[in-house]
Amino acid sequence: MTDAALTPAQAAKARARAQAEARLKRRYRAETRFRFYGRAAIFLALAFLVVLLGRIGIQGYSTFVDYRISLPVEISADRVDMADLGGSNFNLMVAESALAVLGEEDDVYGEASSEMMAILSGDLGFQILDRLREDPALIGQTITVQGPMKANASLYYKGQISRDTEVGGRRLSDRQLDWLDELRQRDMVSGGFNWTFLSRSDSTEPEQAGVLGAVVGSAMMLLVTALLAAPIGVLAATYLEEFAPKNRWTDLIEVNINNLAAVPSIIYGLLGLAVFINWLAVPRSSPLLGGLVLALMALPTIIIATRASLRAVPPSIREAALAVGASRTQTVFHHVLPLAMPGMMTGTILSLAHALGETAPLLMIGMVSFVPGVPETLTSAATVLPVQIFIWENASERAFHERTAAAIIVLLVFMVLMNLAAVLLRRRFERRW
Amino acid sequence: MTRQRDDAHAQGVSMTTPRAGQAGPKLSATDISVFYGDKQALFDVSLDMPDRAVTALIGPSGCGKSTFLRCINRMNDTIPGARVEGRIILDGEDINDRGVDPVLLRARVGMVFQKPNPFPKSIFENVAYGPRIHGFASTKSELADIVESSLKRAGLWAEVADRLQAPGTSLSGGQQQRLVIARAIAVSPEVILMDEPCSALDPIATAKIEELIDDLRSQYCIVIVTHSMAQAARVSQRTAFFHMGAVVEAGATDEIFTNPRDTRTQDYITGRFG
Numbered sequence: 001m002t003d004a005a006l007t008p009a010q011a012a013k014a015r016a017r018a019q020a021e022a023r024l025k026r027r028y029r030a031e032t033r034f035r036f037y038g039r040a041a042i043f044l045a046l047a048f049l050v051v052l053l054g055r056i057g058i059q060g061y062s063t064f065v066d067y068r069i070s071l072p073v074e075i076s077a078d079r080v081d082m083a084d085l086g087g088s089n090f091n092l093m094v095a096e097s098a099l100a101v102l103g104e105e106d107d108v109y110g111e112a113s114s115e116m117m118a119i120l121s122g123d124l125g126f127q128i129l130d131r132l133r134e135d136p137a138l139i140g141q142t143i144t145v146q147g148p149m150k151a152n153a154s155l156y157y158k159g160q161i162s163r164d165t166e167v168g169g170r171r172l173s174d175r176q177l178d179w180l181d182e183l184r185q186r187d188m189v190s191g192g193f194n195w196t197f198l199s200r201s202d203s204t205e206p207e208q209a210g211v212l213g214a215v216v217g218s219a220m221m222l223l224v225t226a227l228l229a230a231p232i233g234v235l236a237a238t239y240l241e242e243f244a245p246k247n248r249w250t251d252l253i254e255v256n257i258n259n260l261a262a263v264p265s266i267i268y269g270l271l272g273l274a275v276f277i278n279w280l281a282v283p284r285s286s287p288l289l290g291g292l293v294l295a296l297m298a299l300p301t302i303i304i305a306t307r308a309s310l311r312a313v314p315p316s317i318r319e320a321a322l323a324v325g326a327s328r329t330q331t332v333f334h335h336v337l338p339l340a341m342p343g344m345m346t347g348t349i350l351s352l353a354h355a356l357g358e359t360a361p362l363l364m365i366g367m368v369s370f371v372p373g374v375p376e377t378l379t380s381a382a383t384v385l386p387v388q389i390f391i392w393e394n395a396s397e398r399a400f401h402e403r404t405a406a407a408i409i410v411l412l413v414f415m416v417l418m419n420l421a422a423v424l425l426r427r428r429f430e431r432r433w
Numbered sequence: 001m002t003r004q005r006d007d008a009h010a011q012g013v014s015m016t017t018p019r020a021g022q023a024g025p026k027l028s029a030t031d032i033s034v035f036y037g038d039k040q041a042l043f044d045v046s047l048d049m050p051d052r053a054v055t056a057l058i059g060p061s062g063c064g065k066s067t068f069l070r071c072i073n074r075m076n077d078t079i080p081g082a083r084v085e086g087r088i089i090l091d092g093e094d095i096n097d098r099g100v101d102p103v104l105l106r107a108r109v110g111m112v113f114q115k116p117n118p119f120p121k122s123i124f125e126n127v128a129y130g131p132r133i134h135g136f137a138s139t140k141s142e143l144a145d146i147v148e149s150s151l152k153r154a155g156l157w158a159e160v161a162d163r164l165q166a167p168g169t170s171l172s173g174g175q176q177q178r179l180v181i182a183r184a185i186a187v188s189p190e191v192i193l194m195d196e197p198c199s200a201l202d203p204i205a206t207a208k209i210e211e212l213i214d215d216l217r218s219q220y221c222i223v224i225v226t227h228s229m230a231q232a233a234r235v236s237q238r239t240a241f242f243h244m245g246a247v248v249e250a251g252a253t254d255e256i257f258t259n260p261r262d263t264r265t266q267d268y269i270t271g272r273f274g
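Residue numbers (this note's numbering), protein chains in the order written: chain C, 1 to 433; chain Y, 1 to 274.
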């Protein structure tokens with residue numbers, strides 16, 4: 001059984017087999033390699049996602065805990081002028097009460113009280129003011145107020161400001177840290193879920209700042225965008241796909257719509273500035289204006305998605321309807337649109353979700369401003385989540401950075417909910433043929 | 001059923017000539033040429049199709065049978081760039097006349113396609129859709145009657161009577177094709193066009209459809225495109241052989257299959273090409 005024993009024909013056959021085996025091996029290797037690349041790509045993408053979400057989560061989760069103090073405050077009659085309630089210095093009163101609780105007294109320069117004011121939120125003073133307005137009889141009594149600590153104090157409780165840092169490097173003095181420890185030991189301060197963050201709007205004080213105004217602003221803006229872009233986009237796409245003649249003009253329109261989808265969003269902001277603000281005088285910084293601009297931006301995407309899902313409806317359905325004597329409009333509205341509905345809705349919701357996260361065009365139209373309240377109408381000044389994030393990120397106080405991450409979490413939750421709605425609607429309307 | 005048919009005509013469908021006892025063919029095509037853009041698909045096709053009979057159109061793929069069929073209910077209108085020349089007379093009226101509305105024409109000329117294409121709706125809705133949009137039924141029970149009689153005539157009633165609300169797409173291929181025929185019957189057409197109705201079906205389902213075609217022959221003018229010579233011989237009374245966009249030979253089915261005059265017809269039916 002040596003090679004020499006083989007006839008030439010057998011040798012050729014053996015060679016061919018060896019070559020085939022080598023080819024087979026190469027093919028298997030190529031497939032294994034490709035599979036490895038694919039897995040590596042997915043792993044990388046997931047790793048980036050985990051790092052991103054992890055970082056946001058780690059930075060932001062602490063925002064959802066805040067520390068509140070429960071403090072008895074004596075409202076002495078000689079400190080309050082009932083004729084001019086707002087003119088009284090309630091913050092000082094609160095600080096002095098806190099000092100009294102800790103067995104200390106203010107010094108002549110008021111340094112102790114101002115240091116104390118720097119760890120107790122101004123919200124406490126406002127609470128006293130509100131209660132006095134309601135019930136002036138409280139003067140001379142001692143009432144207990146409950147309110148947040150200043151953001152820096154909360155950061156200390158959360159361990160984000162450390163006593164080990166040099167005095168110049170932290171925002172709290174040794175004395176303030178001692179007081180904070182003392183208050184904690186006396187159980188006057190307790191941590192809990194930060195409802196303030198969800199129930200209030202922007203504020204200059206981080207511990208009083210929340211996202212409610214931005215969430216409502218985003219929702220209002222999105223409503224305007226959806227009400228404008230969805231019907232216009234769907235109707236335009238339906239006309240172009242089902243009714244319009246196919247000629248040079250419709251080709252041109254199609255190319256331009258595709259190009260519009262790729263136009264940088266800030267250009268839409270410029271357009272909004274020129275057309276809606278300067279020409280149509282829409283109130284700047286309003287949800288209406290933002291919605292208009294984002295509707296322009298979302299339209300091409302909605303049209304493209306709708307056309308794609310209309311094209312995916314099998315032509316046999318159209319023929320079936322036409323053949324029983326349905327008009328073209330009946331065919332489209334009774335048969336084609338219902339079948340294209342899931343795709344249309346997914347496309348629309350995804351492009352709305354995209355609009356929700358859009359910042360650049362909104363900066364162009366002046367939505368980047370400090371708005372401390374919840375917008376009441378579509379034309380009142382408002383801020384939206386991504387812009388709120390942008391504003392807080394630029395703030396100098398450390399506690400705002402924590403809130404930036406938390407606002408990102410809120411925005412992501414908003415988007416996940418929208419995408420979930422897209423999936424559910426798709427399931428609900430999906431029909432097989 | 002007669003009432004339903006009369007209703008159909010009351011809907012503005014022209015009824016200039018009486019249907020029964022009429023001399024001459026139900027449908028008569030003269031010099032039909034069809035162009036898709038610059039390409040000509042049919043060359044001066046002339047063909048008569050009698051009422052209450054099945055006319056089979058046979059010929060190799062791409063010979064223009066389906067194109068011709070789609071002229072009869074003006075489905076070619078829906079194809080961009082398609083142009084039809086010539087005349088097709090249905091009951092003495094040119095269907096390409098400007099006064100003829102293609103949508104109403106399609107209610108008179110039903111069509112069954114190659115692949116069963118029920119709507120992704122319930123069985124009931126599939127059949128009820130046509131009568132509803134044409135206003136054939138004024139009450140729910142009238143509509144239910146039309147659905148029932150149509151399904152009965154399509155030979156499907158016994159199989160689906162207890163599940164009319166099930167989706168039409170849940171039926172088997174052969175049942176779907178009969179559902180589609182019921183859908184076509186429901187709008188009381190005068191002509192039924194069938195474009196290779198059995199090509200996607202197994203032999204048993206095919207036999208059922210052929211039986212059905214034979215039943216329906218007594219009431220309608222049926223034009224069927226088929227690739228199966230045997231099917232043409234079984235179901236049709238008249239046959240037209242298409243080749244390269246023209247009618248080579250047309251006549252009684254027996255005649256064509258036993259004694260073709262043209263050698264091309266002979267070659268085709270004996271399986272020498274196509």
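Among the hints, erroneous ones may be present.
[Unchecked claim] Derived pair list, reagent style EDC-like, types lysine to aspartate or glutamate, alpha-carbon separation capped at 16 Å:
1. Y:Lys208 / Y:Asp162
2. Y:Lys152 / Y:Asp202
3. C:Lys246 / Y:Asp214
4. Y:Lys115 / C:Glu319
5. Y:Lys121 / C:Glu254
6. Y:Lys152 / Y:Asp162
7. Y:Lys140 / Y:Glu159
8. Y:Lys152 / Y:Glu85
9. Y:Lys115 / Y:Asp202
Rather than coming from a laboratory, the hints here were simulated on the basis of the structure.
Where does the structure disagree with the numbered hints, that is, which hint numbers, in rising order? Hints 1, 2, 3, 5, 7 and 8 contradicted; others consistent.
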